[in-house]
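Q: Chain residues, written in single-letter form:
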Amino acid sequence: MFESPTIGQFLAESNLVATLPGTLLVAWTLLLVLVDLFAGVERKHWTPILTCAGLGLSFAANIFVYSPAEGQQIALYGMFIADAFTGFLNVVILVATLIAVLMSWDYLNRADIHRGEFYILALLSSAGAMFMVGANDLITVFVSLELLSIPLYILAAFRSIKNDGSDLSLKSEESGMKYFILGAFSSAFLVFGAALVYGATGATSIPQIFASAGAIAGSTSTATFYLLVGAALLLVGLGFKVAVVPFHMWTPDVYEGAPTPVTAFMSVTAKVGGFAALLRVFVTGLSVLVLSEGDAAAWQATATLIAILTLILGNFVAISQRNLKRMLAYSSIAHAGYIMVAVAAAGSADVMDAATQGALVYMMAYMFTNLGAFAVVMAIEKEDGSGGNIEDITGLARSRPLMAMAMTIFMLSLTGVPLTAGFVGKLMVFSAALQAGLFGLAVIGVLTSVVSAFYYIRVVVNMYLRDGRGSLEPALDTQYVRWAINIALAGTMIFGIFYPLATNLVSMVSIA
Amino acid sequence: MDVTGLSLTTITLFLPMVGLFILLFMNGETQKSNLKWVAFATSVVTFIASVLMWINFDPSVAELQMVQRNTWAEVTLGESVINVSYFVGVDGISMLLVLLTTFIMPISILCSFGSHIFEERGREKLYYIFLLLLEWSMIGVFVVHDLIIFYVFWEVTLVPMYFLIGIWGSEERIYAAVKFFLYTMAGSILMLIAILYVGNRAGTFSTYSAGGDIGVIERVHSFEGDGTYWDGVGPEGENEDSGFLFNSVESWLFLGFLVAFAIKVPIFPFHSWLPDAHVQAPTAGSVILAGVLLKMGTYGIVRFNLNLFPEATVAWAPTIAFLGVVGIIYGAWVSYAQDNVKKLVAYSSVSHLGFVVLGIFALNAQGLQGATLQMVNHGISTGGLFLIVGMLYERWHTKEMSDYGGIWKAMPLFGAISLVISLSSMGLPGLNGFIGEFTILLGSLGSNYLSFAFTLFGTLGVILAAVYLLKMYQHVFMGELKKPLADEEGYKLTWYEKAAFIPIIIMCFWIGLQPIVFFNLLDVSVDNIAALFLR
Chain H
1 MFESPTIGQF LAESNLVATL PGTLLVAWTL LLVLVDLFAG VERKHWTPIL TCAGLGLSFA
61 ANIFVYSPAE GQQIALYGMF IADAFTGFLN VVILVATLIA VLMSWDYLNR ADIHRGEFYI
121 LALLSSAGAM FMVGANDLIT VFVSLELLSI PLYILAAFRS IKNDGSDLSL KSEESGMKYF
181 ILGAFSSAFL VFGAALVYGA TGATSIPQIF ASAGAIAGST STATFYLLVG AALLLVGLGF
241 KVAVVPFHMW TPDVYEGAPT PVTAFMSVTA KVGGFAALLR VFVTGLSVLV LSEGDAAAWQ
301 ATATLIAILT LILGNFVAIS QRNLKRMLAY SSIAHAGYIM VAVAAAGSAD VMDAATQGAL
361 VYMMAYMFTN LGAFAVVMAI EKEDGSGGNI EDITGLARSR PLMAMAMTIF MLSLTGVPLT
421 AGFVGKLMVF SAALQAGLFG LAVIGVLTSV VSAFYYIRVV VNMYLRDGRG SLEPALDTQY
481 VRWAINIALA GTMIFGIFYP LATNLVSMVS IA
Chain U
1001 MDVTGLSLTT ITLFLPMVGL FILLFMNGET QKSNLKWVAF ATSVVTFIAS VLMWINFDPS
1061 VAELQMVQRN TWAEVTLGES VINVSYFVGV DGISMLLVLL TTFIMPISIL CSFGSHIFEE
1121 RGREKLYYIF LLLLEWSMIG VFVVHDLIIF YVFWEVTLVP MYFLIGIWGS EERIYAAVKF
1181 FLYTMAGSIL MLIAILYVGN RAGTFSTYSA GGDIGVIERV HSFEGDGTYW DGVGPEGENE
1241 DSGFLFNSVE SWLFLGFLVA FAIKVPIFPF HSWLPDAHVQ APTAGSVILA GVLLKMGTYG
1301 IVRFNLNLFP EATVAWAPTI AFLGVVGIIY GAWVSYAQDN VKKLVAYSSV SHLGFVVLGI
1361 FALNAQGLQG ATLQMVNHGI STGGLFLIVG MLYERWHTKE MSDYGGIWKA MPLFGAISLV
1421 ISLSSMGLPG LNGFIGEFTI LLGSLGSNYL SFAFTLFGTL GVILAAVYLL KMYQHVFMGE
1481 LKKPLADEEG YKLTWYEKAA FIPIIIMCFW IGLQPIVFFN LLDVSVDNIA ALFLR
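Which chain is which? The protein sequence lines are H and U, in order. Heads up: the first sequence runs through residues 1 to 512, numbered per the numbering used here. Heads up: the second sequence runs through residues 1001 to 1535, numbered per the numbering used here.
Just so you know, not all the hints are guaranteed correct.
[To be verified] Footprint (simulated), chain U over chain H, 3 or more residues, beta carbon under 8 Å:
| id | region |
| --- | --- |
| 1 | 421-435 |
| 2 | 441-449 |
[Unchecked claim] Covered stretches of chain U, going by a simulated chain H footprint (3 or more residues, C-beta under 8 Å):
| id | region |
| --- | --- |
| 3 | 1176-1187 |
| 4 | 1463-1472 |
[As the list claims (entries may be wrong)] Pulled from the structure, derived: some chain H residues nowhere near chain U, Cβ distances all over 12 Å:
| id | residue |
| --- | --- |
| 5 | Gln9 |
| 6 | Ala27 |
| 7 | Trp28 |
| 8 | Leu34 |
| 9 | Val91 |
| 10 | Leu108 |
| 11 | Phe142 |
| 12 | Phe189 |
| 13 | Thr222 |
| 14 | Gln321 |
| 15 | Val417 |
| 16 | Glu473 |
| 17 | Gly496 |
In short, the hints are calculated from the structure, not lab data. Even glycine gets a Cβ: it sits at the ideal position worked out from N, Cα and C.
So here's chain H without its partners, still in its complex pose (with noise of 0.2 Å):
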């Protein structure tokens, strides 16, 4: 006979507290919608700092759950899991979702697109993205990933209407609609792989899967082609989330039509989730998919030429751009392949661990730094959208001497020249692709990263070295930016400088 538990029986088998700071923020953004909904007009202004409250009290939930270092626990019926992992990468989601948000209020402002449902969307996403680094089940991976996407596809689209109802721009729309079309492809992919791995090995649950899974591999039936192809499936779809190179071409396109805060955003959130669950379904599930003995995971070669092929084309191709945003897009499309290389490296079975304290010291250091350079390419974009280009930055050194400085070290750090955030996450993932023995692998990598100085450094001649001449005044330098400036500043300089702090961070974390 079937008994309905009751409340209290229910919190302590589903061990609830665990997935504290993504459910928290769920419950407080649905709080907000009604806040917002019937906040009168002249308190609009109200939903912003409420937005910065729930990712304090989700932030607060966070060190709650996790600082008892309890080596991880099982939320949600096995579909859950809180280990160090999650907790570091819901850190990172959060300083992520915060900057974005302070990025926010007056670039909407300015171009009268303010409406409230920016930062509800903005908490759904991120609440989806916590969700999906702590996802232990391919069910977990597939809803907390649309949680993540669809407010993602209608932010994009956010600054096509403005509040008055007149057209603003096309772009924003296309964009929109791009990055929709090609999630929803993209989205099929994963759960027809899913399907696939599950009809393999019977289970949905990455534990399950990574029980059964080498057996089936060693075994030459049926069963390993189809969790082969699964495997492969899985790969594409999550593919196209992080965009690696060949599911990228979405990416240029989305990132300049899209407001830039919400580029901004989405091009730390979406990668954080996409290379969790790459890193949870592979290393965690699949570590075990090895096809002769004493061999690295079935899927490190594919992966490695994912690498190789992503990092060459998004560093040679930001080469050519004029416009700073699609600079940024290539850029992000070519630090997706250097934290696909620690994916790759972590398919050695000993140094599983090392690669994945890497990929997220990486993850951080590229979340730091590409908000806060996004952050200054918004403050002298104008407000149609243009304004963007690198020769507009030219002269930025006289006119605004700290913001300038900022940008410098934000390019610096992406290109890796230590003392910088930058330079602590590549070593990390060079050193662990190392000891994979993946040595084409690290030099391409480093070779790749000479490329890349040289459309960084391009930004700091404009900057320093063309004469300006004191005209560029900043479009929109306000408090609430440079805020956000600051702190992705900080944050890239501490972690650059005092290089433990974030090696100690991650030292926990431990995925097999």
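Guided by the hints, dock chain U onto chain H, whose structure is given.
A: This is chain U only, laid out in the frame that chain H set:
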């Protein structure tokens, strides 16, 4: 184990940072006239600190001295934990190069005191901040003995130099700055791979053993013949005949380090960034570039390539020494063809550093001693030559030799100083250049690894040096004054120009007449390295 407690090395290393922070909080507009004094005072105090180090330094000890070692980060990789530590200390070679750095720095700050570059480009505050940042990172390169931290300092030197060339340089400065940045970064990033590989294999990043922990050098030497392709031989003697140069791990790692250093030195054929960077850089930038920055490359070869990979060093020695000799001749030849004075001096650096490379790869105590002393000599003489060119340019605003002539008549003191520095650069006995070059040539003659031809062609370089330097001297200083200045006052040397020259002239004579003081400093440290190559 950690050797904690603040050592004098740490203090010297971080003194420029103190000055940098003071500058950072000064107002660039209202306190404009004080900026240079803060920078100058900082560099002088740093120099005094390094002299204190010298006094404390015991040349008879083989180990590093004034050591400080703190664990900085622990990186867990698989089952092993790799320490990255803040590990500083000096041996004779480091000591001498730290002294060179802190000696060149006040001079290059002095020579920017009244420079015209600020009238056009302004941003004096930023300029001095970059100079001090550069000093900090250069001292760091010479005193740090942890591979990762070494790489950090090594790369950081790029940033201030890039800005110094790019903001305050001459017409083609942007091209030169970007070329400098990309070229040197391309080289050093391969070193990062080599560093990570060596560190992971050795289980530590500290180069020397300290406090019970075994360092990379000691660990790496134990890899010889352990069947891991370290020396090209796999398990069970597999692969034995296929050659060392391109089949051994050691050889590839050697090249990984070498390319980074070769670009910095620069060893022919990696020199093409140098003329651009030198010619476009402001005077202080050229002085530091020639005086110290290039030495980072030769220092790196001595410290890392020779110590870590002795077998690969022996295998590659003739090739690299050959490139060194080609550099000597080629640099001199191209130098002779220049009409641009600054370019002439720049190419002369290629030639002079060819000597240093030849001395290093002679792989004996004499060669190494000569090479290290020649690093210092080149820093002093070529730094001095760039000062001269800078002062000429401040007055006549041209770098073309054909525009000059008869300067001696107008500026006799300046002419005399220039003569001494030029003679020291071409290696006249009694001045510093001679000592270095002579010892290097003796070393290469006695080398077990190099044939007589290396010495022969090296000696040819000494003669060629006299040819191009005398040609320059004759064109610029002799004959009739071609372009009189409108203002007679311009012929006088200002006090800071004189002050910049005095220490250089003193050092030229001191090293030339009493080289034993400096050789003593090097003896034990150099013997340590040379012992690896005794046959």
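Q: Taking the hints in turn, state whether each one holds.
A: Going down the list of hints, with the structure as the test:
1. 421-435: With 8 residues in contact (Cβ-Cβ under 8 Å with chain U), the coverage given for the region 421-435 of chain H holds.
2. 441-449: holds (count 5)
3. 1176-1187: holds (count 6)
4. 1463-1472: With 0 residues closer than 8 Å to chain H, the region 1463-1472 of chain U misses the three-residue bar; violated.
5. Gln9: holds (40 Å)
6. Ala27: Nearest chain U Cβ is 37 Å from Ala27 (chain H), so the label holds.
7. Trp28: The claim holds: Trp28 (chain H) sits with its nearest Cβ about 36 Å from chain U, beyond 12 Å.
8. Leu34: holds (47 Å)
9. Val91: holds (20 Å)
10. Leu108: holds (35 Å)
11. Phe142: holds (33 Å)
12. Phe189: Per Cβ check, Phe189 (chain H) is outside 12 Å of chain U; nearest 34 Å; holds.
13. Thr222: holds (36 Å)
14. Gln321: holds (17 Å)
15. Val417: violated (6 Å)
16. Glu473: Label holds. Min Cβ-Cβ 19 Å, cutoff 12 Å.
17. Gly496: Violated, because the least Cβ-Cβ distance between Gly496 (chain H) and chain U comes to about 10 Å, which does not exceed 12 Å.
Of the hints listed earlier, those the structure fails to meet are numbers 4, 15, 17, in rising order.
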